Every structure is written in structure tokens, then in C-alpha cells.
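**Student:** These protein sequences, in sequence, are chains A and B. Quick note: the first sequence, position 94, residue 94 per this note's numbering, numbers continuous. Here this note's numbering = 1-based position in the second sequence + 1000.
Just so you know, the hints here were simulated from the structure itself, not pulled from any lab data. Please note: incorrect hints may appear among the correct ones.
Distance condition first, Cα-Cα at most 35 Å in a straight line; then the derived DSBU-like pairs of lysine-lysine [as the list claims (entries may be wrong)]:
1. B:1260 with B:1215
2. A:110 with B:1260
3. A:33 with B:1191
4. A:422 with B:1191
5. A:413 with B:1309
6. A:376 with B:1307
7. A:374 with A:413
8. A:422 with B:1382
9. B:1382 with B:1287
10. A:422 with B:1309
11. B:1189 with A:110
Covered stretches of chain A (in silico footprint by chain B; criterion: 3 or more residues with CB under 8 Å from a CB of chain B, positions within the stretch not fixed) [as the list claims (entries may be wrong)]:
12. 160-174
13. 185-193
14. 411-417
If you're wondering where the values come from, they're calculated on a predicted model, not measured in any experiment. The C-beta atom is built at its ideal place from N, Cα and C for all residues, glycine as well.
Each chain, written out:
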Amino acid sequence: MKHYLSLFVLIISLSLTVQASAGVSLVTVSEPKEVRLTIYQPADLCLVHEHRELSLQRGVNRLRLSWHGLLIDPTSLEITPRQNQSSGSVRVIDLSFPPRSRDQVLCIVKNDSGGGTPLEVSYLISGFSWHPVYTAVLSEDESSLRLESMITLVNRSGKTYENVHFSVLTGDTHLVDHPADLARARDPYGRPQEKRQNVVPEALAGSDSMAAKRSLMSLEQAASSPPEIIREGISDFFLFTIEGVQSIRNGWSKSLPMFTTEDAAAVNLYKYDEQKYGSRPVRFITFVNGGPGTSDFSPLPAGGITVYRNAGANGPLCYEGRTTIPYAPVGETVELNLGTVTDVMVEPTLLEAATDGYSFDRKGNVSGWDEIHKWKVEVYNTRSVPIRLQIDRHAPTSDWEVDYDPGNDVFQKIDKRTFRFKKMLGSGERETVEYTITTHHGTSGDQPPKRNTGDVK
Amino acid sequence: MGKSTKALEFSGLQRRLIMRGRNRLLGSVGLMLLSFVLFPSAHAGINLAALPERTSATLDLTGPHAVFIEERLLSLKAGVNEIVFSWQDLPVLEDTIRLDIPDAVERVEILSVSRQPAEPILTWKVHCGAPVRIQTRIIYGLMQIDGLFALRLVSAEDEASCMLEQYVIVRNFSGEDFENLTVITPSGKTKGRPVRHGETIRTLVSSKDAVKIEKIWRYDSRKKPGVYVSDKSGKSMPVYYRIENTGSGGLGEGVIPGGKVRIFHRNEAGRTLLLGEDAIETIHPGKHRDLYIGKSRDITVDATVMKEKQLNVRRNEDNRIVLYDTDEEIRFVVENFKDSPATVNLLYAIPGEWQLTESAIPWTRSEAHLAELKIQLDPRTKKEFPLKYHRRNVRP
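If we strip away everything but chain A, and leave its shape as in the complex, we get (with noise of 0.2 Å):
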């Protein structure tokens, strides 16, 4: 019991009062039949539901609720009669912050029917968090993947959880205020005019004894084999629920596999364009998240990724990059920028430049006038697989026309002041794209007027 006790994090004492007098107090140490963590990403927040069985009297009782060491939020504290039981016998009247203590809350539940009562202890807390670390092993001809994701358990909330249930979500929580502040400020909902002072930060580090240490080790010896997880929409959130027990000392880290998406279908695409990444293309894997060849799929949170790729039978695996993927929707294409590349070239050369269309004012001065470029630009894939590249190019004023082949070349107007050649490339092969440009400048030109309608591009 020893480690249990070192490890308690809510301490509830039953005062059994039958009328709201103070006085007598009987104090009933209950500990929790059943605790579940569920951990928000991105947001430092931790929703934490204990299971505790309860023995209250008919009528008012109340209950003291303590602890220590951890940043709980008081004011989301919530205790309710668990599901089976009829909501209406027990009722939380309400919830007192005494004055001059800090960490403890009472609470006056008004009971109905007597006995053992099972309750629902509810809280928030700050400290913990989690994020997918994810793997992409790309086959040898770099046209599929295989994903590996895992989920990475941090606890920096000051105490050590053995054997707790843990979810984690995924979703943007708008917050009005921070589950630590109001963990630590000196008065659970501040005082009357005035703001809301912080106290010194407590120190979280707990220390561990060597029984703890060792007890939890056998834990982790029992287990043969890694924990499912259970994928589920929550409303506009996605909740990952992992099977079974954990236990996570506090300041450790724990990893669990996650999913393994085999044979996603892989493009190589190269994005060539100055102005965003200079001149040089920039590499790209991308793969359709629950796109076909896909089996077992769910959104992807936000998370570093690492990519290798398959050398063959007996070579090792290359290290291709390292990047981080935004959260992607089932359905949405992944893009993994790998960085610059120098194996792939695209050369764009002037070749003609001219004038054109001259306009005059009244007192005889060049008002408006278009400009004529041609251009060519030569790529050139020098490796062993076949690529997609996208040529984005971009006009110095939103009144332009583009002349090209449409035969030999796929055009895309993407907005005002930006063009995209596309093209496949086989290994080793050469191409090039020739177009003429027309910017109409002056009064034919561009004068953008002045908006205030939101970063549109």
C-alpha cells in the first residue's frame, strides 16, 4: 500500500452530517474504483474522471476534497452520480472554496436514498500532453508507403499514474482561461475588483521510491503485447482511446504503437517556385490519407514524421527527411516536404523581353503601356524514378495572358498573379517549357484597390 499512497493524487474525506451544522466529522478515506485520464492536444489540458464508491447518509452530506502537488483547476471540479444511478437521488447542492486554504474544496451532496453511492469525480488538470511521432518507410520505387504512427504520453503533471485508463483527443479547444493559472491563483475565482494574482509556482518534481519504480517495471514486464487503440469521432474532435491500463511515472514519457497504414500510394511531386522556396525545387511525398490501398485509416493528428525508404532486400533504409504533418482528415492529401533537392533542376531563362501597347495622357505622357516576355524553362530529372513537378510562376500585375502549347504542357491559372505548369518526368529525362506572357500595365494594368477583407491570397 506503501506506493499506492505515494501516489494518491485526491484525498476525499466523507463528513457525515445529516443537517448542514458544523461539527463532528467522520472522515472515510475513498479510493477510486476506476480512473480515466483523457489528454488534449494541442491545448495543455487533461480532463480526469474518477470512479469512487461512496458511502453517504439520507439527506446533506458533505464531503471535503483535497490534494497536493497537482494543478487542478478548482473551479472545473464536478461530482455526479454515475449513469445507473437515478440522477435525481443525489444532488450536488454546491461547492464551497473555504477561505484561507488553498487545494481543497467541500462539498454538500444531498442524498435521497442512503447507501453505497457510486459517484463520478471530474476534474481538469494541467501537465500532461501528447503527440504522434510518425514513421513513413517508402518502398523501393517510392510509389507506396508504409505508415507507423505511435502515441507519445508525456507526464509533467507532478504525480505518478499507475494503472489508469488514458485517451487522448485531437481537436482545437477554444479556452477562456489556462487550467494552470487558475490552478495556481490564490483564489479559485479571484476576489471582488480585482485581478487575479498568480502564486509562486509550486515545485511539481515528485520523488519516487525504489518499491514504486520496481512495481511499476513489473507492470510493464506482464504485458506481451502493445495495447489497441480505439478510434472514435467525438463531434468535431477525434478521440484515440488505448486499451487497458497504463502507468506513467511523472516526468517520463511513454510511447505505445498507434496504426500502421500499409501500401498507401505515394507520389513523388517536386514544387518549383522562387518566390516561396528559392531556386531550387523543393521535394514533396504525398499520399492521400484513407486513400486507396489503405485499410485502417482515421484522421492524423499533428506530428513529426521521419521518412526512409526501402533500399531493397538485403540494403538498410535511407533516411529521405524529417518534417512535420498538420492534422489531416480522412481523405485529405498529406504533403511531407523533404527540403531543397539538387537531383531535380529547373532552369527558367528570359529569352525575349519587348514592349507594346503604349498609351498616352492628355499632356502627352505614357500612361499605360504591356510588357512581352517569353521564357523557357528546362527541368531535368536525374534520378532513378520517375517525379511529378508543378512550375508555379507569377506575374508582376493581375492583368496578364499566358501563351503556351497546350499539347505538350498542363496549365493552371491557381489566382490572380500565379501560373502552374505541370509535368511527369521519367527518370533521367529532359524537358523543357517554353510560354510568352502579356502584362498589361498602367491603365490597362493593375492597381489593386484597397481591401480589408481577411488574408485572402
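Chain A is fixed; fit chain B onto it per the hints.
**Tutor:** Showing chain B alone in chain A's frame:
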């Protein structure tokens, strides 16, 4: 209360310390520092040690400031009675003190109110036709005690209805312990309970089931959270729950005070998860509020300016452009990655004089400079459409 405060002058800190020590000593009984001294005649200086008990104490939070109301049973003799009201080291707002005598009581009227300079003492002169024992009310503003409001919304699995709980949070740092304090809020009244100095209590005021909510995904080009990032990372759509304070919405019985609202979701298995928080203003009957939960990453909006051309340019003698019209086009791509249908509310701000010339989606001019479109999306579908418009008489 017999001590004179004239000879004792303490600093604010000393007074607070003395108050705390005093409160501790007297414990839950509370120290009634508001005392009443009744004078049977107009003679000053004679003190009667009768201390009428406070029969009730109420904190009224229905106005912009907290108001304290206490009821006391006063025994008045025939003739002029002097009622001395004093407050020792309590943060009473002096200008707000009022003695309320019920209209039903005959032949009792307040003659005058005297305020002693630089002293926490107020004296009422009350004339009484015959000896009487009456229930009077003293109303005053008390600082360092107030109430906050909070809401807890637990949506059902289908996110079309919810349970809505309203709480009041009383923060008592007034220096006084209350044995039986009742709180009146715009949503209802709480039962009396003790509230000590330095204590904060949170009490449920009302709880309603089956309150209707409407889930809204809204893209607003005027607001930063709705603006996407051009390279696809960070695309997300703000999500709101709309509640209406109407009878048809399951409410409508009174004002819902503004405050912090925590929004939860409960699935059929009974599992409750926090979706988000918002701080809202008061919701008056007949009005609605949109509670901002967070952002959905499974519904995205991409807006691209495809065309922005000047027309009908007019110049002055110096050849400077002074006026022009525009021909503009925005391309929207709205995509639903969810397994359920969704309706996206798209608000696009266009400054100046504008006229829409083409839109594949029905639209309305909800404000002078705002075009509003409602886009219905089936599960896992994408809609791409242009919005074309002219702007007239644009000045550089």
C-alpha cells in the same frame, strides 16, 4: 457595539488584520458590525443596548452592482426615534445606504437622515404615531462581495439538444461572515446558507434539460480565426453552438446572465468530454448567443482571389486616378471531411458599394458590407464555386 472609533485610527492593513482576528474569534456566529441603536427621543448620546437580530440577509445580483439587503425587526416607540447605523471597517458604499419601511405600516415615516462627517455612522430620525414592531429593510452596496455567473452545457450525442445549468459564484471578501445568506440572481434565487469571509461558493441556480442547440460552422472573412493559411496548413473552421433564450428553444423564462460557459459532450455510453469554453454576454429573452467551442479541422474553406480588375478609371488633370470601378472574382473551395452532413455559414466582407454578379450558392446581403451564404455539404464532399462582383466608385 459600544466602542467609539474616534480615538482609534488604524492604517488600512491594520484594520484588515484586526478584522480577520475578530472574525476568527467570533467564528461562525459572525460579528454583526452593523448595529442599531434606538433612541426613544431626540436626545443624543443615550445608547440603548438593544441589538435587533438580522432576520434575513440577501445579496442581490440582479443589477450592475451587488446590493446587500438585510431585514431587521425594529421596536419603535411613539414619537421620534433615532436609528443609528454604523459600520466598522466594512467596505460599505456610504451613498447607497437606505432604510426601507413597508408602505403598509401606517403612521411611521422617516423624518431625516444625518451623516456624521468622517465617521462610519448614519442616523435616521423616524417618527412613529404609536409603539410598533416592524420589519424593516436596510439596503446598501457592499464592496468586496459580489457574484459571478457561470454556465455548464452538456450536449447530447446528436448535438441538437443539451442540458444547461446556471451557477452563481459568490465571492465574499467583505470582512463579514454571513450565517444564512440568500442570493438573488436574474435566473432565480438560492437557498440560504452560511458564507464566511474569504470563502467562495458555487451554487446551482437552475438546470434545464432538452434545451435546443444549433451547431454552426462559420467562416467569417473579417475575423482572424476564420482566415486560412494559403499553404494548406492550419486550415480550420470555427465551430459554435447557438442557444436561443426563447420558449421554442427550451428557455425564455428570464435573463440568462453572462459569464464563462463550459461546453461538454456526452455520448450514448454516458462518457462526458470537454469540448471548449467561452465567455458570453447576457442573453435576454428572445435573443440568442453563439458559444465558440473551438475549431473544426474536418471542414475547411479555401478562398482565392482570381481576378481584381479596374474598370472605368477616371483621372484628374494631373493624371492621377481619382475614381474607378472593379471587376472581382473570388474562388471558394469548401470541403467536408466528416462522415455526417454539415452546413457552413460563410460570411464574406466586401467594402464600399458592391453588387454580386454571379454566385452558384444563394446569398443574402446580411449587412451593407457583408454577403452571407449557406453551403450545404454532404458527408465527404467538396464544393467549389466562384463569387463574382463589381465594386463601384472606389477611391484610391
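**Student:** Enumerate the violated hints, using their earlier numbering and listing them in ascending order.
**Tutor:** Of the numbered hints, just 4 does not hold.
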